[in-house]
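Novice: As a plain string of letters, each chain reads:
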Amino acid sequence: MRATVIEFLGSNCDHDMVYFIRDVFKIETEVVWFTERDLKNPDIVLLPGGFSYGDYLRPGAMASRTPAMESVREFAKRGGIVLGVCNGFQILCESGLLPGALLRNKTISFICDDVYLKAENRETPFTSMVDRILKIPIAHGDGNYFCDEKTLEVLEKEKRVAFRYVSPDGKIDDNWNFNGATNSIAGVLSENKRVLGMMPHPERACEKILGSEDGKLIIESVISFLEKTDG
Amino acid sequence: MAEIEVNLELARKHGINEEEWETIKKILRRIPTYEELGIFSAMWSEHCSYKSSRIHLKKLPAKAPWVIQGPGENAGIIDIGEGYAVAFKMESHNHPSFIEPYQGAATGVGGILRDVFTMGARPLANLNGLFFGSPDNPKTPYLIKGVVAGVGDYGNCVGVPTIGGQVTFHFCFNGNNLVNAFTLGLMKSDKIFRGKAEGAGNPVWYVGSKTGRDGIHGATMASAEFSEETEEKKPTVQVGDPFTEKLLLEACLEIMEKDVIVGIQDMGAAGLTSSSLEMAERSGSGIKIDLSKIPLREKHMTPYEILLSESQERMLFVAKRGREKEILEIFRKWNLDAAQIGEVTDTKRAEFYFEGKKVADIPIEGIGESSPLYNRPFEEPKRFKENQNFNAGAIEDVKSLKKVFLDFISSPNLCSRKWVYRQYDQSVRTNTVMTSGSDAGIIRIKGTKKGVAMSLDVNPRLCFLNPKEGTKCAIAESALNLAVCGAKPLAITDCLNFGNPEKKDVMWEFVESIEGMREACIKLETPVVSGNVSFYNETEGTGIYPTPSVVMVGVVEDVNNIVNPFFKEEGLEIVLIGKNDPVIEGSLYLSHFFNIDKGKFNFVDLDYHRRLIELLLSLSSQKLIESAHDISDGGLLPALAECFLKEGNNIGAELFLDENFERMDAFFFGETPSRVLVSIKKEKCNRLKSICQKFNIDYKIIGKTGRNILKVVFNNKEILNIPLSEIFEKWEKGFERIFKK
Amino acid sequence: MKGKIYVYLKKQVLDPQGKAIENALKSLGFEEVKSVRVGKFFEIETDSSFSGSAKERMKEYCKKLLVNGVIEDFEVEAVEE
Amino acid sequence: MKGKIYVYLKKQVLDPQGKAIENALKSLGFEEVKSVRVGKFFEIETDSSFSGSAKERMKEYCKKLLVNGVIEDFEVEAVEE
Ligand SMILES: Nc1ncnc2c1ncn2[C@@H]1O[C@H](COP(=O)(O)OP(=O)(O)O)[C@@H](O)[C@H]1O
Ligand SMILES: [Mg+2]
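Residue numbers (this note's numbering), protein chains in the order written: chain A, 582 to 812; chain B, 23 to 763; chain C, 2 to 82; chain D, 2 to 82.
Hints are all accurate, no fakes.
If the Cβ cut is set under 10 Å, some of the chain C residues that face chain A in the computed set are:
{"hint": "1", "residue": "Gln13"}
{"hint": "2", "residue": "Val14"}
{"hint": "3", "residue": "Leu15"}
{"hint": "4", "residue": "Gln18"}
{"hint": "5", "residue": "Ala21"}
{"hint": "6", "residue": "Leu67"}
Pairs of lysine-lysine residues, derived as DSSO-like cross-links and limited to a Cα-Cα distance of at most 30 Å, are as follows:
{"hint": "7", "chain 1": "B", "residue 1": "Lys232", "chain 2": "D", "residue 2": "Lys41"}
{"hint": "8", "chain 1": "A", "residue 1": "Lys789", "chain 2": "B", "residue 2": "Lys703"}
{"hint": "9", "chain 1": "A", "residue 1": "Lys797", "chain 2": "B", "residue 2": "Lys471"}
{"hint": "10", "chain 1": "D", "residue 1": "Lys5", "chain 2": "C", "residue 2": "Lys35"}
{"hint": "11", "chain 1": "A", "residue 1": "Lys774", "chain 2": "A", "residue 2": "Lys607"}
{"hint": "12", "chain 1": "C", "residue 1": "Lys27", "chain 2": "B", "residue 2": "Lys755"}
None of these hints come from the bench; they were simulated from the model.
As the structure is a prediction and not an experimental result, all values here were calculated from the model.
All C-beta atoms in this analysis are idealised placements derived from N, C-alpha and C, irrespective of residue type, glycine included.
With the rest of the complex left out, here is chain A (with noise of 0.2 Å):
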């Protein structure tokens, strides 16, 4: 298995990114600039968090209109595998790859916690071995998910809710939805599900010392799908 991070003017968490999949995992890893088309053959991009731009205009905007994400569209309309956190789920919702938006937080403010994470559809590439509810952190001040209503509908029909927000017993409850997402929303599948984009950071719950290793049943469960479809 390859994987390429992309990144971009701005991004910080790049090298938390690289060392969740290369250390943690030791899955060979390339690093694309965002000036480049090439992204070096990869079975999975992933798109990084944190503030691109300094989330100037709008969080993900610029990002999302550079020569590497053009690219990034035509893997993603190969079928390719392309997980965004947080900024990158941004990204991905301003380069059309997935709908919605991403609005401020409903407290104005940025927030910085724990969350609690329910796995919705369990037959996606990213979710077949989430056998649990997820304790992972998020820090972001735009996470507040938006749709209109008819996308809504599809979203919720088709199964591309991939997680949502809910209590450490997990029952969907405002209490834990921190940004206000409509319907709990933290991750959306594209249309063929190959594509997730999330605000939770999974790759800072990959140690025990870090407080949680939930994080790592993503890549697991992605993985185990590759090693699927490849064999």
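Following the hints, put chains B, C and D with the ligands in place on chain A, whose structure we already have.
Specialist: Using the frame of chain A, we list chains B, C and D with the ligands on its own:
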């Protein structure tokens, strides 16, 4: 433009007095140009020259085998082993944060980040010390919202986790809030960069944001009291651009990998002027700069303005010759303006040109060596002895322990700070192994077992009552905060926030405080490797309490052995380690409930304290205890509560007291240094006891962890019984109440 | 050319910032406030090295970057010089 | 009353957003762009339960909350109804 006549009157407007004016003329052997006057004024401002503090700062210990860089550089550096070193420093941004809380705080964080990465270290952790006026002051909510958002947004955007700090409310900060920002960065111990301008002929480069008319004379402003006049003189407020800072950080670290940089320094207070002069001064060289080559944001800027602009996100560096292409390539990659603006000379002079004309020519030694140095008069104020004589005996003792405890734990200085630190990214860079809500912030060093721990502390009230002993307490507390987690304290950085040094009592506070810092740092073997002085924290003649913030930095040998403050299971023994002789004189209890800041508090016994620290380190390395937490502000009962005040935690405590105590208030809420609460499995108690005996530290079992409640039993009588949920609710909502008022 | 572009959040889109400001104004005693919506604008200066009308050019800026059609509408005000 | 308040960054004050947008437009091929400044506006609706003119009232909102006089200027456009 008409020539501006430079004379004594103009010099005075620049904050230069007659004596200094004469010295300037002597150094130059002529009347200074307008630009030169600007340079002298900035360089000789209190903020840049430390003219009132220098002779005292020299007394601080700065050496230890692990110190790689002491004061005098952009940040201090200590060796942490395995080929790594950490650079750290703290800086104040008090005045700007009062004028514009959001931008003032944001640019404060930006400035300290640059101080650290300019040395070649990658910033890995921030702390912030925030001091606000009384919560009832109408301006307080506005200030705290702005400051916290500013600190958060900047660090979050750059991608440096903020993992601790302090928030203190006291009416003495009504007219002057304080923002002290700390950054720590990691580097290879053999890859250190310094602010040097060496090698005549080497090019001088400018990189980063374009220069505008921001904050001209900011340094001078930070060197005067607030008054209506300063309101008018308000310079253009500096706006932070964390995105550019992030690019600058990455570009600088990338270029440092190549072998092209001779010296590098950020442009902080007094901008280009101080960075260029300081770099040349350190190297005993000269520097020649063409101001026409500086990238400008605004039209028609004068050389004077260019010299003194405090535009943010800019760096100055000296490179080796003939490496232009590589340098430009890297900065182009990061979308940054870079320009060659001059060169190093061997003239020992700072020469500035503008449009072909020489506008300033100053002997660098002159500006440094002749820089004013004051031994300002100081005198113990009358209030000092008066306050010490206060006796709390007349204060009525606690009647309802429950009510007082709940009020206290939800009060502004004790309640949860989560409203603040939830706005800070604490986990970016995936190193954070302990963060806000515990006693210290700790990051692990990837590729090793080590961790670096840090804690920011000061108790302004104690420093007001007794600056020397109060400062000792700050250092002692900071060290103890590390030790309870299992980190060995190694060195400190400080931020000395005081009032107007021209007042004898303020100067006395300063001198005493330095003496306390000296004694404590020598005893604890934690030298002062960097720091910052902020005077003139006064408004309309009223000054703040002396507030010498310190950050202690230390090392954890194995992050798997870290101890946190929280009770983990029922049935553990709760042991109080340390001398249990609390008093309410000078306590938060007395200040909060009775509005009295008086009395003689218990001084720290540094020998005892040092043994306590060693004891704690031995406990954590042996994995003997389950939790540890120091007892500080608020005394025993709040500290005990802090061992279970955590989301989702439902392990409470029962205290069994047989001791005869005279007063409830002193026993439960009184303060004294060098006390720690630990929880431990019953079967290990004897071992703990014998280790305590070995270190000659007092030991007493005072209770047991239990389920869901906080209970106190005194002589077989229950005197307190509160469900944890009730305590948690009160404690957690403390900040909301400040905003509702 | 000089131009101004106004960007509005679509009506159906929740405006958390507007809501917060509304509440803040009310709590300052401005109880008459019924609703607040926040928008942004761009003031843009260009030279004349482009073809087509100024207004069309500005619309292109919007479509290519400045506006997210999922949540925002815009208006353009261009001054040719 | 309905009103609009436009808030501008003062001329001398750095506009990091504007600068980044300017660069982004250029790199998308709009090389004619010389400068971009970003501002914001508020659309406010109120009932009539206040005294004084609508315009004055809006100015009060600005001074009390909406505008940071240290770095921003504003303009008010009020429609009495
Ligand atoms: N401004 C702040 N930013 C981040 N964390 C903070 C801030 N203020 C306080 N904290 C955190 O809240 C907790 C309680 O603070 P404090 O009572 O000052 O701790 P201590 O008494 O152990 O020094 C600590 O973990 C501290 O790091
Ligand atoms: Mg502590």
